[in-house]
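Peer 1: Residue strings, one per chain:
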Amino acid sequence: MRPEPHLIDYTIILLYFVFVLGIGFVLKKYMKTSTDFFLSGRSIPAWIAGLAFLSANLGAQEVIGMGASGAKYGISTSHFYWIGAVPAMLFVGIFMMPFYYGSRARSVPEYLKLRFDEKTRGFNAISFAVMTVFSSGVSMYAMGKLLQLLLGWNFTAAILISALIVLAYTFLGGLTSAIYNEVLQFFLIVMGFIPLVYLGLRDVGGWEGLKVRIANDAMVHSWKYMGHASENPMGVEWFGMLMGLAFVLSFGYWCTDFLVVQRAMAADSMTAARRTPVIAAFPKMGFPFLVILPGMIAGVVTSSQMRDARTQENIVARTTTQSSFFTGGKGIIPPKYDAAGKPVLVNGKTVLDYDLATPMMLVRYFPSGLLGLGLCALIASFMSGMAGNTTAFNTVWTYDIYQSYINKTASDQHYLWMGRASTIFGLAISLMAAFVAKEFNNILDVLQLVFAFVNAPLFATFMLGMFWKRTTGHGAFWGLLGGTVAAAAHYGLTLPAGAVPGVKGGYLGPILHVYPSEMAQNFWTAIFAWVGCFTLTVVISLMTAPRPEQELKGLVYSLTAKPEEGGLKWYQKPATLALIVVALLVGLNLVFW
Amino acid sequence: MGFDIRLPIGMLFSLFGILLIGYGSATQGSVMYAEHSLGVNMNLWWGVVLLVFGLVMLALTRLRRKV
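First to last, the protein sequences are chains P and A. Residue numbers for the first sequence follow our numbering, beginning at 1 and rising by one. Residue numbers for the second sequence follow our numbering, beginning at 1 and rising by one.
These are calculated hints, taken from the structure and not from any lab test. C-beta: ideal position from N, C-alpha, C; glycine also. Certain hints may be false.
To be verified - Chain P regions said to be covered by chain A (calculated; three or more residues, Cβ under 8 Å):
id, segment
1, 11 to 25
2, 177 to 185
3, 190 to 201
4, 361 to 373
Using the sequences and the accompanying hints, generate a full structural model.
Peer 2: Written as structure tokens, this is what we have:
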């Protein structure tokens, strides 16, 4: 079944493109120095930075992937939001922003240079730059494939057009343009998905009706079945969930990834920078309802219900053409097809294409008109993710690689020019990666695996660096490397149940442990990486000479003055806002226990 | 920054609202509402919501300019 978008749908999408580009053009005249381009001149109000902070992360993986997880695992997917994001967002705002913002570092790698040394910065900057460019490519590939499958659009044209639009507005208006568009995209995603959830829930009879239809208690509770891995569909027990996802992976991402931290660094004051992630936490808590529920609903509704006798004939005609598409599917989630157009079978069972759960919901419930808005929301989410990667890449490239190792003494205008140039070649490499992904899917699986190993130990380094003044540069660098090796080793010696050695793990030969699911293996790989990095950093730091304390002022907790909060109203204080978030968070977890 | 993001957001959502209200009114009773949106003319209703949201954003922009 292919929906046929009408003129009205294309008009809506086109109008969105015009506005996105228009914002870039208007902002061009404000881009005078490299600080304007890379850090928005540190002039963004907290609420804008906060929504951008959230939106930059709302890429393809988020909207599509969380819908897919909703269909597979049910409401326990909310762990990725409630404990797997919000606590870390509060932590980076309240405890870490004083050092990121207060040190006047222009990027996360630059903070590492100030706190530790050149080699730690170099390691982080280069791995981050490579990672962002490739993840941007992966997300382009996902979008091209989706639009091709769903609407029959041309893969190449779809990704070229969206990449060119992102290129145009980040090239013209730099980070400000990316941030402004992220705010626009945030509202589009919210306004595009609310009617979807409304119609879907109304169709199944609300949350209670959805529970009855799903008929699997483990999919409608988030904690009740977390006692043992075999009891819940994720195959993860509470300890792996709390330590692996909620602590190591979540803090590693939200507290150290420049893609999000850059949005807070652009804020107009220290309190605004600290409020940025806290403000983002409010909508973040509500997002499970927007992105997970559609996936859950997709698994239990039928493709076409005859509600109106007048349209019966028409619907029958449509249903007969649809039925071939749905053979072997679940709800409106179609099976996966191979290149020959046959459903993919594993052990005689059809494999479902869960990534289509949310897109199929749009097609199912949105009439022409609203469909344009829904597609717009989808495209907006891809673009905001792409722009987030692009702006993070051009900053790290220009400040931490080009200015640090290639050309140290150029004028500010030259670095501004380099920022624009790197926007172009960064996106060009991403485009190439997207085409490589189309041809050789496995290469990107391997790359993403390597990135996961590099990322997993990061939070141990930052935590020790910010809160233990004895941590040294040698300790940090070798700890990071050691943590990465620990991740690769753990992954290479374990396997998820039912997998063969290779990209799923076990490549080192002996299999020491079999995990109940891939997710459990990933969480435990992260835990091993973190512990490895933490231990090694502490041991090596104690064996090497500490830096003099006066050099660490503003970089380490015990040597930095606490941020002034006098004169702020209660709702302007980051800590007060954070407490409200915590109360809401506890409430949500109890309601969906 | 002299450029208020609420201005383009307000303009875009107001335009979306007007488009959907217009399209919704023109397609009142169409088969597609029975087929997709449970018989509700969602274009019309959601168009109203989008228009209100857009106008609120525009009002906030004007309010700030006066201050």
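Peer 1: Against each hint, give a clear statement of whether it holds in the structure.
Peer 2: Evaluation of the provided hints:
1. Look at the segment 11 to 25 of chain P against chain A: 7 of its residues bring a Cβ nearer than 8 Å to a Cβ of that chain, three or more, so the hint holds.
2. Against chain A, the segment 177 to 185 of chain P contributes 3 residues with a C-beta closer than 8 Å to a partner C-beta. That satisfies the three-residue criterion, and the hint holds.
3. Coverage of a stretch by a chain is defined here by at least three residues with a beta carbon nearer than 8 Å to that chain's beta carbons; for the segment 190 to 201 of chain P and chain A the count is 3, and the condition holds.
4. Residue count for the segment 361 to 373 of chain P with a Cβ under 8 Å from a Cβ of chain A: 8. That meets the three needed, and the coverage hint holds.
Of the numbered hints stated above, none is contradicted by the structure.
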